[in-house]
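Undergrad: Residue strings, one per chain:
2 protein chains.
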Amino acid sequence: MDLQDKKVVLHDMSLRDGMHAKRHQISLEQMADIATGLDEAGMPLIEVTHGDGLGGASVNYGFPAHSDEEYLQAVVPRMKQAKISALLLPGIGTVDHLKMARDCGVSTIRVATHCTEADVSQQHIGLAAKLGLDTVGFLMMAHMATPEKLLEQARLMVDYGANCIYVTDSAGYMLPAEVSQKIGLLRAELPVALGFHGHHNLGLGIANSLAAIEAGATRIDGSVAGLGAGAGNTPLEVLCAVLSRMGADTGIDLYRIMDVAEDLVVPIMDQPIRVDRDALTLGYAGVYSSFLLFAKRAEAKYGVSARDILVELGRRGTVGGQEDMIEDLALTMAKQQGLK
Amino acid sequence: MDLQDKKVVLHDMSLRDGMHAKRHQISLEQMADIATGLDEAGMPLIEVTHGDGLGGASVNYGFPAHSDEEYLQAVVPRMKQAKISALLLPGIGTVDHLKMARDCGVSTIRVATHCTEADVSQQHIGLAAKLGLDTVGFLMMAHMATPEKLLEQARLMVDYGANCIYVTDSAGYMLPAEVSQKIGLLRAELPVALGFHGHHNLGLGIANSLAAIEAGATRIDGSVAGLGAGAGNTPLEVLCAVLSRMGADTGIDLYRIMDVAEDLVVPIMDQPIRVDRDALTLGYAGVYSSFLLFAKRAEAKYGVSARDILVELGRRGTVGGQEDMIEDLALTMAKQQGLK
Numbered sequence: 008m009d010l011q012d013k014k015v016v017l018h019d020m021s022l023r024d025g026m027h028a029k030r031h032q033i034s035l036e037q038m039a040d041i042a043t044g045l046d047e048a049g050m051p052l053i054e055v056t057h058g059d060g061l062g063g064a065s066v067n068y069g070f071p072a073h074s075d076e077e078y079l080q081a082v083v084p085r086m087k088q089a090k091i092s093a094l095l096l097p098g099i100g101t102v103d104h105l106k107m108a109r110d111c112g113v114s115t116i117r118v119a120t121h122c123t124e125a126d127v128s129q130q131h132i133g134l135a136a137k138l139g140l141d142t143v144g145f146l147m148m149a150h151m152a153t154p155e156k157l158l159e160q161a162r163l164m165v166d167y168g169a170n171c172i173y174v175t176d177s178a179g180y181m182l183p184a185e186v187s188q189k190i191g192l193l194r195a196e197l198p199v200a201l202g203f204h205g206h207h208n209l210g211l212g213i214a215n216s217l218a219a220i221e222a223g224a225t226r227i228d229g230s231v232a233g234l235g236a237g238a239g240n241t242p243l244e245v246l247c248a249v250l251s252r253m254g255a256d257t258g259i260d261l262y263r264i265m266d267v268a269e270d271l272v273v274p275i276m277d278q279p280i281r282v283d284r285d286a287l288t289l290g291y292a293g294v295y296s297s298f299l300l301f302a303k304r305a306e307a308k309y310g311v312s313a314r315d316i317l318v319e320l321g322r323r324g325t326v327g328g329q330e331d332m333i334e335d336l337a338l339t340m341a342k343q344q345g346l347k
Numbered sequence: 008m009d010l011q012d013k014k015v016v017l018h019d020m021s022l023r024d025g026m027h028a029k030r031h032q033i034s035l036e037q038m039a040d041i042a043t044g045l046d047e048a049g050m051p052l053i054e055v056t057h058g059d060g061l062g063g064a065s066v067n068y069g070f071p072a073h074s075d076e077e078y079l080q081a082v083v084p085r086m087k088q089a090k091i092s093a094l095l096l097p098g099i100g101t102v103d104h105l106k107m108a109r110d111c112g113v114s115t116i117r118v119a120t121h122c123t124e125a126d127v128s129q130q131h132i133g134l135a136a137k138l139g140l141d142t143v144g145f146l147m148m149a150h151m152a153t154p155e156k157l158l159e160q161a162r163l164m165v166d167y168g169a170n171c172i173y174v175t176d177s178a179g180y181m182l183p184a185e186v187s188q189k190i191g192l193l194r195a196e197l198p199v200a201l202g203f204h205g206h207h208n209l210g211l212g213i214a215n216s217l218a219a220i221e222a223g224a225t226r227i228d229g230s231v232a233g234l235g236a237g238a239g240n241t242p243l244e245v246l247c248a249v250l251s252r253m254g255a256d257t258g259i260d261l262y263r264i265m266d267v268a269e270d271l272v273v274p275i276m277d278q279p280i281r282v283d284r285d286a287l288t289l290g291y292a293g294v295y296s297s298f299l300l301f302a303k304r305a306e307a308k309y310g311v312s313a314r315d316i317l318v319e320l321g322r323r324g325t326v327g328g329q330e331d332m333i334e335d336l337a338l339t340m341a342k343q344q345g346l347k
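Protein chains in written order, with my numbering: chain W, 8 to 347; chain V, 8 to 347.
Treat the hints as calculated values from the structure; they're not laboratory data.
Treat the hints with care, as some may be off.
Claimed, not checked - Covered stretches of chain V (in silico footprint by chain W; criterion: 3 or more residues with CB under 8 Å from a CB of chain W, positions within the stretch not fixed):
#, region
1, 128-141
2, 178-185
What the hints assert, rightly or not - Lysine to any residue pairs mimicking SDA-like chemistry, simulated, CA-CA at most 20 Å apart:
#, chain 1, residue 1, chain 2, residue 2
3, V, K308, V, D270
4, V, K13, W, A184
5, W, K303, V, K308
Quick reminder that beta carbons are idealized off the backbone N, C-alpha and C, glycines included.
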């Protein structure tokens, strides 16, 4: 793979996906310090939003220490070169949230949907594009759709106005060959920029990012020090080191971003970010993290291995919101295994 | 990459490379518990030796809680299916150590040298082969030799009697393409089994192992929970999950090895195994870990960045034992940079 002088735009998630790992309790000062450090290191794009996107503050998704507006107002004016992005999940974030983010100086809006539900993004992508924002369609749990289905969904987002489409490995399930195949098809068929967002559940965040770049993605997400839920995101300072070794052009000062990771991000972690048993299980099964608790409860009740339940849920393509099926599945498996 | 039904022999390093991370203070009970867990999970090969190999117990390399003989006697008789290996570095371990290991029931001897010094392995490889042991030549810091040089050195070890040759990425510096190239050349030219030993400094332990398997390696080293110095080794339970997803045949029960990692190995860690700043620096520069302290001292004295010093040492191919050159280099760099 020859990445010599290849331009790659890195996008930091530590202040958005990292909000999950911090149960949304990052202080304004921490947020501003980390963003400033990233800005000085040359990071071109930094996402600042509730972990579940604009408007996520709620009983369901967790109340953050500060509102999206407060975080954005604390960060945006301090940036010398970095642009700030906000994530928006239709159904959680609204057009008013989007306008608020624009008014705060956000330059990139990423509208995220499940990989087969791009049609719910029309209004928000349309508005973001109309407002002249860098508008990204973000297809989550992308391992759950075939390349052809992803392409169909990506086309919808492009038609709505997106100028960039992301393949998002929300579960940290994808293997490099799958990343290559999916990004490769989108690259061949779409006239817009492509991005890849990886999680590290199978220890493949770096390798998948390289596969994505090779297949034509030019934007790559990661988190400084990997800060994110579970196994975390692709660790961005490690990816920077690898890209530097390969001669790619990220515009980032490697030592500075290493120092942001070690001196600013690691010290605020509530626990080490690592591929622990739960994170590995979720990545292996390819399921929503919300399934884990239900599967463990079903294991306690029916004696069927929670891991077997999760793998079967992954095989069946069960999606978020279908958690009530988990107990039914566990009961069926228990009967098959002679446990009930 | 198609690994369906491909046989891969995994080799656990947690009780040898892991000795570094534990400053050689693993108790006999911990060692026996972890080895028993690995045996029950189906791990075919487990290395049990001082971190620096047989005879490592010393002021220089650290005194372990117990002797190699005590560790081996605590582990070998408990194994139901796993074979035990011992590492031997000529100059540290002797033929008497080798015979002791054989007498304790070790079935595999791995004779390790710097990648350009295979000629010092003749006596030990010859003896191990003569004793009928599975005899492995282990070429360390393999990123510091060209593929052709590695082949030449591997041929020496094969001529001495090795039935398996390892490409060992001691510094965690190699990128997948380099692994493919080096293993590929050895596979094309040598009549023996090949192995790969990876470290996780650049977050590429899993990806490099996959590249090695694709290029023809059939033995792959890793450590449960990554237990090893610095960023640790390729995390073995994560590699197992990935290989399982790809359909490879490792003979290992994935859930059991995940449980060994989480329930037995993580609890004995003195600190989390992660790609911290120092580990990333070493992997990026491709130098011996012993250089780190010298470079930091030189930074304090001459004002030249320790990281720049290490990268330059890597570029020059400086090897262990040349630590006295570090101060000279720092002084030269300080003059060039107008600091002195």
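Undergrad: Are the hints correct? Go through all of them and say.
TA: Status of each hint after checking the structure:
1. Only when three residues or more bring their CB closer than 8 Å to a CB of chain W does the claim for the region 128-141 of chain V stand; here the count is 0, and the claim is violated.
2. Beta-carbon proximity to chain W at under 8 Å applies to 3 residues in the region 178-185 of chain V; the threshold of 3 is reached and the given coverage holds.
3. For the hint pairing K308 of chain V with D270 of chain V, the CA-to-CA distance comes to about 45 Å; that exceeds 20 Å, so the pair is violated.
4. Between K13 of chain V and A184 of chain W, the direct Cα distance comes to roughly 17 Å. Compliance with the 20 Å bound is thereby established for this hinted pair.
5. With a C-alpha separation of about 56 Å, the suggested pairing of K303 of chain W with K308 of chain V is violated against the 20 Å cut-off.
Violated hints, listed in ascending order, are 1, 3 and 5; each of the other numbered hints is respected by the structure.
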